[in-house]
Amino acid sequence: MAHDQPPPQAAEQPEYPSLRIAGFGDVNFAISKYVEGPRGFSQGQFALHMTSALSPRVTFFGEISFSARTDAGTDTPPAAGFNAEVERMILRFDKNDKLKVSFGRYHTPINWWNTAYHHGQWLQTTIGRPEMIQFGGRFLPVHFVGALMEGGVPAGGWNVNYKAGVGNGRASVISRAGDAGDVNGNRAWLLNGFSKPDKPFGLEFGGSFYRDLVTVSASGDFDETIVGGYVIWHKEDPEIIAEFANVRHQDDPGAKPGTWSHAYYIQGAYRLPWQNRLWKPYVRFEHVGVNPQDVVFASVPNLDQTLLGLRYDASQFAAIKGEFRTWTRGEASQRNYGGFFQISFTF
Amino acid sequence: MGTVFHRLPSVRALRFLALAVCALGAGAWLDAGGQPASDIAVVAHPDVPVDNLTLPELRRLLLGDREFWSSGVRVTLLIRAPIARERDAAVQSVCQMTEAQFRQHWIGKVFRADVPSGPKIVYSTEMALDQVSRLPGAITFVPIAQVTKNVKVLKIDGRSPGQAGYKLR
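The listed protein sequences correspond, in order, to chains A and B. Residue 394 is where the first sequence ends in the numbering used here, and the numbering goes up by one at each step. Residue 260 is where the second sequence ends in the numbering used here, and the numbering goes up by one at each step.
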């Protein structure tokens, strides 16, 4: 499916099921003082997105990604060149705007970026995600397997929306979701609320709360509480995105004091009015601060990073981005810096 | 010569002629219902349970933030292909977006699994009117001069097309 028109189908009586496929891809280039992550050119994720209305009130959404493996061709039998992953698979029942119920595998709706851009690098202004919600990262649970109830009401122009979910939470490898079942007997649950007021149009703000029991193979069970919030100014002149998240871990017997770790970022961008509004400079500051006593996050690195970048929309469906980043990984670490480039597109 | 001068139009006749020309111009400008032909009407299927929308409500429909009418029928948004004046009015005046931003918004909206599909494209006013009269819950934008009787014209912020202060033109 091309995006020549949004969507590119002429009006007609609806037919069910009505499968439509869209895709996203990106190619990257990186060079940095100290090696951290891919060097040189790298194939980004190749993501396929499917939607299919099964009836006027039942819809299927799916997202599959293919990611290049660093161990391709090694081992016996040789490792494949790409990992295929079911990123999202959702079946949703819509009663009305106030109540929609769905089941499946989601991007956890406790972080705005996680549910705004998913695996579509082209959709986001910058090359990469903030570290706090990085794919494969551990600070926040990126995926969530379970059920979700959501909806919204006008609320006198405040347009208040909610999401409430219950699911498996993190797996024993905490960067993974419990796809094949919960690792313990406690389900994770979450609440998310946000507002997109009529005035000023472009503003969005919200917050979320998440609870889970995390089972770490070597260390036992830990209660996990995540509190997050965000403010967004959606217009591109300027675009502002600010988010924070605090994560508390407490060993299940409660013998030791709980620990708080936190992360935040603020990103600003401005679509320049000249040359058909094709250029968009941006800047982002981000911070990840892990409590050294936090056993669950023992291997999660700290981060203080500043990035400056420029996005050029080569067409309505392809963008070229260039970034300079400088960062440290805690007080004792050496400052690193590098240049990053990306071509991202949708098709 | 004197006869010739008697046949020249008088000042009163010139005034009458000027008024007639103005009236003809206005006739071309106004449709049969006396509404400015440049206004864009928001029309819906006759069963749609609203007669008036505020501009923010219309914006939420256009951006897919509202998917259902109060009757429970799903909103079907029909919109002209790019370049059409009706689309420009909807995208620029109502959504306060550029065409590129509007496209990206809808690609993201479908990708986020917020909605099962984006707006449906219509390629002419006739097609828009035909579809909106047949699809329950449908809504679209057409020039007021071309509105037919089998659709419902919605007021925006309490004003009908042609009234002073109407915002879509």
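Source of the hints: derived by calculation from the structure; they are not laboratory data. If you're wondering where the values come from, they're calculated on a predicted model, not measured in any experiment. Hints are not guaranteed to be accurate.
Said to hold, decoys possible - Here are the computed lysine-lysine pairs in the DSS-like style, where the Cα-Cα straight-line distance is at most 27 Å:
{"id": "1", "chain 1": "A", "residue 1": "K246", "chain 2": "B", "residue 2": "K240"}
{"id": "2", "chain 1": "B", "residue 1": "K258", "chain 2": "B", "residue 2": "K243"}
{"id": "3", "chain 1": "A", "residue 1": "K246", "chain 2": "B", "residue 2": "K258"}
{"id": "4", "chain 1": "A", "residue 1": "K142", "chain 2": "B", "residue 2": "K258"}
{"id": "5", "chain 1": "B", "residue 1": "K243", "chain 2": "A", "residue 2": "K282"}
{"id": "6", "chain 1": "A", "residue 1": "K142", "chain 2": "B", "residue 2": "K240"}
{"id": "7", "chain 1": "B", "residue 1": "K200", "chain 2": "B", "residue 2": "K240"}
{"id": "8", "chain 1": "B", "residue 1": "K200", "chain 2": "A", "residue 2": "K142"}
{"id": "9", "chain 1": "A", "residue 1": "K145", "chain 2": "B", "residue 2": "K240"}
{"id": "10", "chain 1": "A", "residue 1": "K303", "chain 2": "A", "residue 2": "K246"}
{"id": "11", "chain 1": "A", "residue 1": "K246", "chain 2": "A", "residue 2": "K145"}
{"id": "12", "chain 1": "A", "residue 1": "K282", "chain 2": "B", "residue 2": "K240"}
{"id": "13", "chain 1": "A", "residue 1": "K246", "chain 2": "B", "residue 2": "K246"}
{"id": "14", "chain 1": "B", "residue 1": "K240", "chain 2": "B", "residue 2": "K258"}
{"id": "15", "chain 1": "B", "residue 1": "K246", "chain 2": "B", "residue 2": "K258"}
{"id": "16", "chain 1": "B", "residue 1": "K200", "chain 2": "A", "residue 2": "K246"}
What the hints assert, rightly or not - Sample of chain B residues facing chain A (criterion: CB under 7 Å; computed from the structure):
{"id": "17", "residue": "G155"}
{"id": "18", "residue": "R157"}
{"id": "19", "residue": "E158"}
{"id": "20", "residue": "R165"}
{"id": "21", "residue": "F202"}
{"id": "22", "residue": "A236"}
{"id": "23", "residue": "K240"}
{"id": "24", "residue": "G249"}
{"id": "25", "residue": "G253"}
{"id": "26", "residue": "A255"}
{"id": "27", "residue": "G256"}
{"id": "28", "residue": "Y257"}
Ideal placement from N, C-alpha and C gives every residue a C-beta, glycine not left out.
Check your understanding: Does the alpha-carbon distance linking B:K243 and A:K282 stay inside the 27 Å limit?
Key -> This hinted pair is violated, its Cα atoms lying about 33 Å apart.
Review point. Holds or violated: is the Cβ of B:R157 closer than 7 Å to a Cβ in chain A?
Key: holds (6 Å)
Review point. Would the pair A:K246 and B:K258 pass a check requiring their Cα atoms to be no farther apart than 27 Å?
Key: holds (17 Å)
Review point. Taking only the CA atoms, is the gap from A:K246 to B:K246 under or equal to 27 Å?
Key: Holds, at about 20 Å.
Exercise for review: With a cut-off of 7 Å on the beta carbons, see whether B:K240 makes it to chain A.
Suggested key: The hint is violated - B:K240 has no Cβ within 7 Å of chain A, the shortest such distance being about 20 Å.
Check your understanding: Between A:K303 and A:K246, does the CA-CA distance stay at or below 27 Å?
Key -> violated (47 Å)
Point to revise | Holds or violated: B:K246 to B:K258, with C-alpha atoms at most 27 Å apart | key: holds (10 Å)
Point to revise | Distance restraint between B:K200 and B:K240, which requires alpha-carbon spacing of 27 Å or less | key: violated (34 Å)
Review point. Going by Cβ atoms only, is B:A236 closer than 7 Å to chain A?
Key: With Cβ-Cβ at 21 Å, over 7 Å, it is violated.
Check your understanding: When the nearest CB of chain A is found for B:G256, is that gap smaller than 7 Å?
Key -> Where the cut-off is 7 Å and the nearest Cβ of chain A is about 18 Å from B:G256, the hint is violated.
Review point. When you check the alpha-carbon spacing of A:K246 and B:K240, does it fall within 27 Å?
Key: Cα-Cα ~35 Å, so violated.
Review point. Minimum Cβ distance from B:G249 to chain A below 7 Å?
Key: Since chain A brings no Cβ nearer than about 16 Å to B:G249, farther than 7 Å, the hint is violated.
Comparing the model with each numbered hint stated earlier shows that hints 1, 4, 5, 6, 7, 9, 10, 12, 17, 22, 23, 24, 25, 26, 27 and 28 do not hold.
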